[in-house]
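K.L.:
Residue numbers (my numbering), protein chains in the order written: chain A, 306 to 886; chain B, 306 to 886.
It is worth saying that the hints were derived from the structure and are not from the lab.
Please note that the accuracy of each hint is not assured.
Copies of the same chain are indistinguishable here, so a pair counts whether it falls within one copy or spans any two.
[What the hints assert, rightly or not] Derived DSSO-like pairs: lysine-lysine, alpha-carbon spacing no greater than 30 Å straight-line: (1) K765 x K701; (2) K599 x K744; (3) K492 x K815; (4) K475 x K492; (5) K475 x K410; (6) K568 x K727; (7) K599 x K326; (8) K568 x K666; (9) K579 x K701; (10) K566 x K522; (11) K872 x K522; (12) K568 x K412; (13) K323 x K601; (14) K645 x K601; (15) K475 x K522; (16) K795 x K431; (17) K666 x K574; (18) K879 x K744.
2 protein chains.
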Amino acid sequence: MSYRTVNNGELNKSYLNKVVKLCGWVQKIRNLGGMTFVDIRDRYGITQLVFNVDKNPTLFEEARKLGREYVIKVEGTVILRNSINRKMPTGEIEVEVNYLSILNKSKTPPFTIENETDGGDDLRMKYRYLDLRREPIQNNIILRSEVAFHTRNYLRTQGFLEIETPFLIKSTPEGARDFVVPSRLNKGSFYALPQSPQTFKQLLMVSGYDKYYQIVKCFRDEDFRADRQPEFTQIDCEMSFVEIEDILNMFENLIKEIIYKVKGVKIDKVPRIKYSESIRDYGTDKPDIRFEMKVKHLNSVCKGKGFNLFDSSETIVGIVVPGGAEFSRKQIDSLTDWIKKPQIGCSGMIFCKFNTEGRHKSSVDKFFNNEQLESWRSESGANNGDMILILAGDEKSTINAIGLLRIELAERLKLRDPNLFKPVWITDFPLFEFDEKSKKYHAMHHPFTSPNDDDVELLKNDPLKVKAKAYDMALNGTEIGGGSIRIFNKGLQNEVFNLLGFSDVEANEKFGFLMEAFEYGAPPHGGIAFGLDRLCAVISGSDSIRDFIPFPKNNSGKDIMLDTPSKIDDDQLKDLGINID
Amino acid sequence: MSYRTVNNGELNKSYLNKVVKLCGWVQKIRNLGGMTFVDIRDRYGITQLVFNVDKNPTLFEEARKLGREYVIKVEGTVILRNSINRKMPTGEIEVEVNYLSILNKSKTPPFTIENETDGGDDLRMKYRYLDLRREPIQNNIILRSEVAFHTRNYLRTQGFLEIETPFLIKSTPEGARDFVVPSRLNKGSFYALPQSPQTFKQLLMVSGYDKYYQIVKCFRDEDFRADRQPEFTQIDCEMSFVEIEDILNMFENLIKEIIYKVKGVKIDKVPRIKYSESIRDYGTDKPDIRFEMKVKHLNSVCKGKGFNLFDSSETIVGIVVPGGAEFSRKQIDSLTDWIKKPQIGCSGMIFCKFNTEGRHKSSVDKFFNNEQLESWRSESGANNGDMILILAGDEKSTINAIGLLRIELAERLKLRDPNLFKPVWITDFPLFEFDEKSKKYHAMHHPFTSPNDDDVELLKNDPLKVKAKAYDMALNGTEIGGGSIRIFNKGLQNEVFNLLGFSDVEANEKFGFLMEAFEYGAPPHGGIAFGLDRLCAVISGSDSIRDFIPFPKNNSGKDIMLDTPSKIDDDQLKDLGINID
């Protein structure tokens with residue numbers, strides 16, 4: 306006998322008078338005199354069951370003994386409800402039960418299994434399996450499953466092969482820390498867990514696989530901070546015989562496809578913005594372009610007027626707030642407080658309201674006359690009725706702060722429409738950054754990233770001017786992926802290694818087997834990786850990746866439910882040939 | 306400018322006179338007087354390029370300088386070949402080249418990139434990226450990608466969600482050894498890598514996800530032996546509100562779908578054989594049912610005739626070889642040698658040829674007269690012209706040996722048709738095995754496996770008679786998957802734990818958080834896991850999983866290409882708070 310003939314999301318008027326079998330969890334019980342109503346739930350929905358004392362007194366009694374989260378099996382007849390609930394798909398009907406079996410009882414859950422629960426973070430992490438019952442989390446997990454499916458389906462249609470790469474690999478002395486795995490059969494030796502399949506996907510290109518992808522777990526032993534996970538999932542891709550245009554076209558179509566399939570939203574065009582322009586106009590390399598409010602550069606109209614703060618500042622930038630002349634003192638004070646928060650780090654903010662009558666009002670009226678303020682207005686393209694907020698200071702931190710202010714303003718003005726999806730490519734990143742501390746060049750993406758063809762000459766004399774064939778995709782203000790065209794020419798690779806300060810010996814130690822592979826006919830190739838956890842969160846308009854991971858770790862890298870990491874037996878340590886300090 | 310307009314597998318007569326761009330690796334160069342032919346290869350196929358000294362002497366010279374595995378880009382015109390090669394899809398045409406660019410040179414590979422290579426195992430493992438260029442391996446990798454895709458596609462159609470479970474979990478003291486991962490942020494503590502997502506998929510059922518699947522890496526730190534890998538991939542599935550029939554139907558359809566999609570072979574029916582019958586008839590619980598030759602039990606006709614070997618043996622079993630009366634002495638001797646190999650472990654084999662004239666001829670003619678031999682014939686259902694091979698000894702090892710002999714005979718008689726696919730379910734496994742050494746019961750599948758409903762009473766008095774709701778699928782003589790309906794009732798679970806000798810404290814230590822989860826409304830559930838590496842190998846008629854894994858480890862768990870496991874820095878050890886013994 307099968308457990309059920311229908312699920313709890315599918316019954317409607319077309320089933321009237323049919324006998325059905327249902328299984329699920331007791332969501333709610335209401336006793337109304339001679340009637341008991343029980344809502345049962347599964348991941349498909351909720352169905353209302355009705356027990357009538359007149360029709361079946363025994364069952365009626367049994368139903369009254371049910372508790373929240375009991376697992377039950379029922380059989381009954383689909384009937385019309387007295388009061389129809391238009392809000393739920395099964396709201397037209399209820400099931401008059403003629404058979405009830407308790408499959409399993411439940412203790413009272415430590416928090417309510419409702420969309421808005423009363424459970425705190427720690428409690429919900431400890432009982433993650435109960436938190437996973439809540440509809441908002443279930444929707445996230447279902448969304449993730451669908452994003453993964455449509456990713457695979459699209460990439461397969463485009464000729465990509467799904468190829469698995471190993472998890473027990475070799476530790477590399479580069480970048481973030483590897484998690485390592487002691488080898489029992491080779492005592493004193495270790496495997497490492499991959500931070501990404503980067504070298505393997507490049508090897509697969511050398512092997513001729515042409516179009517590779519994988520949705521794959523990666524591991525980084527970072528000092529934990531909010532919203533980072535020691536294990537995370539990448540959509541990892543690589544292609545051969547491609548230039549930058551091929552990659553951008555292929556993968557903007559992937560993102561379009563995913564958003565269309567899971568959100569029903571069609572995206573027309575994915576703009577391409579150069580890194581330098583993105584920093585200039587948005588104060589960030591992951592701009593939210595759902596709204597305008599670009600950064601205005603005001604050095605020319607602000608400096609040299611005797612106002613010391615401006616005159617001593619490297620950079621003076623502003624954001625025009627449409628209609629901002631109406632802002633109250635309180636609203637402005639609140640923004641000033643916000644900008645002074647340590648994570649923003651500004652010492653203050655200057656505002657100027659461009660009033661409709663043309664009499665401008667600023668917080669620095671003492672230093673600037675109306676004519677000068679009018680030049681701010683015209684330089685920034687503001688209209689009368691708008692307000693400009695101005696930050697001044699050294700270039701890097703001021704640009705960063707104005708980018709954050711832009712986002713904060715958009716939040717407050719509700720300009721970040723969660724139903725809008727605006728991906729954007731950021732291109733032409735610098736190949737190198739110069740680290741003042743170590744006096745060394747660092748690869749901004751990774752050491753295999755190819756310079757732009759036109760810039761190769763600059764490597765010799767002006768490496769910081771060299772642009773890279775690298776690209777990031779930002780979606781609604783969050784970086785969701787990035788990659789590059791790789792160097793596949795040995796001479797050029799050596800030149801880059803030299804600039805990065807690797808000797809031949811070091812380069813060989815770090816990247817030996819990949820460099821050796823490159824000697825046997827490496828094709829031109831490039832790729833990209835998207836963060837799946839992040840992508841799902843951004844698509845859902847959420848800031849936190851944790852609710853899109855079935856069993857996440859907390860900010861100290863612990864799984865509270867499992868109580869791990871934990872001690873292991875001395876025997877196990879002995880077998881592995883290791884001691885604890 | 307794009308690198309290519311077509312790949313090397315797609316050109317045919319319909320492209321005649323078209324100008325195309327191609328990229329690929331130089332497979333072969335033939336110089337014929339004023340003509341040079343170059344085969345270029347990519348994963349789609351091979352295209353013949355032609356360079357004519359009269360038409361373009363410069364290019365002709367350049368082409369002669371190409372080497373094996375050079376990566377080139379060409380442009381040219383599709384023309385008809387002089388001598389058509391019907392064996393290859395592009396065999397009707399060739400490309401007369403007007404532009405050639407060497408994208409990358411190649412050293413001479415350490416072995417030939419041909420279907421039959423001259424490279425030994427170790428060399429091919431060290432240069433795995435070159436071995437992966439060979440067509441047979443590429444076909445395996447492509448097959449694997451397709452098997453994974455059709456698995457996902459089918460399961461999604463059936464309402465399954467793909468849900469990821471964590472890799473950094475808790476070490477359990479059960480079964481095979483865990484790989485462990487020292488935690489840097491929680492010094493002295495360890496994560497473990499999962500041997501399977503078993504507990505997580507059961508938790509997901511408690512969470513109400515109803516139909517879960519995942520194609521997922523699992524890890525087992527076993528003492529390595531041939532054809533085992535420390536990391537392997539499972540198709541892992543679990544369902545709620547199901548009985549055994551629901552699972553068998555769902556997953557035999559999965560296997561049918563996969564084999565149909567990747568091999569074009571339709572499978573009608575998947576037979577279900579009880580464990581005891583499989584052992585009786587095939588000498589194994591993973592029978593190859595592509596051919597008959599069932600095991601014949603001959604105690605009744607062999608014993609008590611004064612032949613000491615038979616009289617002192619627990620079990621006398623035979624295999625009828627159709628037409629075997631024609632076997633030569635040499636063929637029989639070779640089988641006798643085979644049966645005495647240590648891994649089979651028999652001391653000898655008795656044969657009897659049932660000759661067409663009715664005069665039977667056996668290796669024990671001294672002890673049995675023709676009438677008695679005739680009773681062997683009729684008992685075993687042999688025809689005149691057949692031969693029976695008989696093994697005798699203790700039950701367990703003799704049954705095992707006859708099962709192996711059955712397979713060996715089928716190999717020699719070419720009865721194992723690689724184009725036939727015969728999956729079979731084995732059901733009704735015993736719930737427990739009794740270990741004579743420890744005098745303890747062991748769970749044959751795992752401790753959460755449910756007993757058959759009718760057998761629950763037997764738990765008290767005769768546990769070895771209890772059958773389990775467990776099932777394995779065998780395909781062509783190899784186990785490809787297995788699973789069970791799980792216990793979801795706490796009382797029954799405790800009874801089983803007690804029989805397995807776990808105290809309540811031990812049970813709680815080992816399975817605490819799962820048992821706790823079961824207190825909050827666990828639904829009836831069950832599942833299955835298929836070995837993806839093995840499944841791909843069996844579908845391809847291969848015995849070895851290694852060629853279906855892109856980057857496998859060798860039998861000592863080493864990756865020769867990466868040279869791992871390997872030493873790590875002292876600093877890294879210090880960070881982790883561990884010492885090497």
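K.L.:
Give the relationship of K566 and K522 under a CA distance limit of 30 Å: within one copy only, between copies only, both, or neither.
P.N.:
both (24 Å within a copy, 28 Å between copies)
K.L.:
What label fits K475 with K492 when the C-alpha limit is 30 Å: within, between, both, or neither?
P.N.:
Close inside one copy (15 Å) and across copies (22 Å); limit 30 Å.
K.L.:
Reference check for the pair K568 and K412, CA-CA at most 30 Å: within, between, both, or neither?
P.N.:
neither (37 Å within a copy, 50 Å between copies)
K.L.:
Since the copies are identical, ignore which copy is meant and state whether K879 and K744 lie within 30 Å (CA to CA) inside a copy, between copies, both or neither.
P.N.:
Between. Shortest inter-copy distance 27 Å satisfies the 30 Å Cα cut-off; intra-copy 44 Å does not.
K.L.:
State whether the alpha carbon distance between K599 and K744 is at most 30 Å within one copy, between copies, both, or neither.
P.N.:
Neither, since 34 Å and 77 Å both go past 30 Å.
K.L.:
How do K323 and K601 come out at 30 Å by Cα distance, when the copy is not named: within, between, both, or neither?
P.N.:
neither (67 Å within a copy, 53 Å between copies)
K.L.:
Is it within a copy, between copies, both, or neither that the alpha carbon of K645 lies no farther than 30 Å from that of K601?
P.N.:
within (20 Å within a copy, 88 Å between copies)
K.L.:
Are the CA atoms of K599 and K326 at most 30 Å apart within a copy, between copies, both, or neither?
P.N.:
Cα proximity of K599 and K326: none, with 59 Å in one copy and 44 Å across.
K.L.:
Please work out whether the CA atoms of K475 and K522 approach to 30 Å or closer within one copy, between two copies, in both situations, or in neither?
P.N.:
Intra 16 Å, inter 17 Å, cutoff 30 Å: intra and inter.
K.L.:
Evaluate K795 and K431 at a C-alpha cut-off of 30 Å and name the case that applies: within, between, both or neither.
P.N.:
between (52 Å within a copy, 21 Å between copies)
K.L.:
Which holds for K872 with K522 at a C-alpha limit of 30 Å: within a copy, between copies, both or neither?
P.N.:
Result: close both inside a copy and across copies, 24 Å intra and 24 Å inter.
K.L.:
Classify it for me, K475 with K410: is the Cα-Cα distance of at most 30 Å met within a copy, between copies, both or neither?
P.N.:
between (49 Å within a copy, 28 Å between copies)
In this structure, the hints that do not hold are numbers 2, 7, 8, 12, 13, 17, in rising order.
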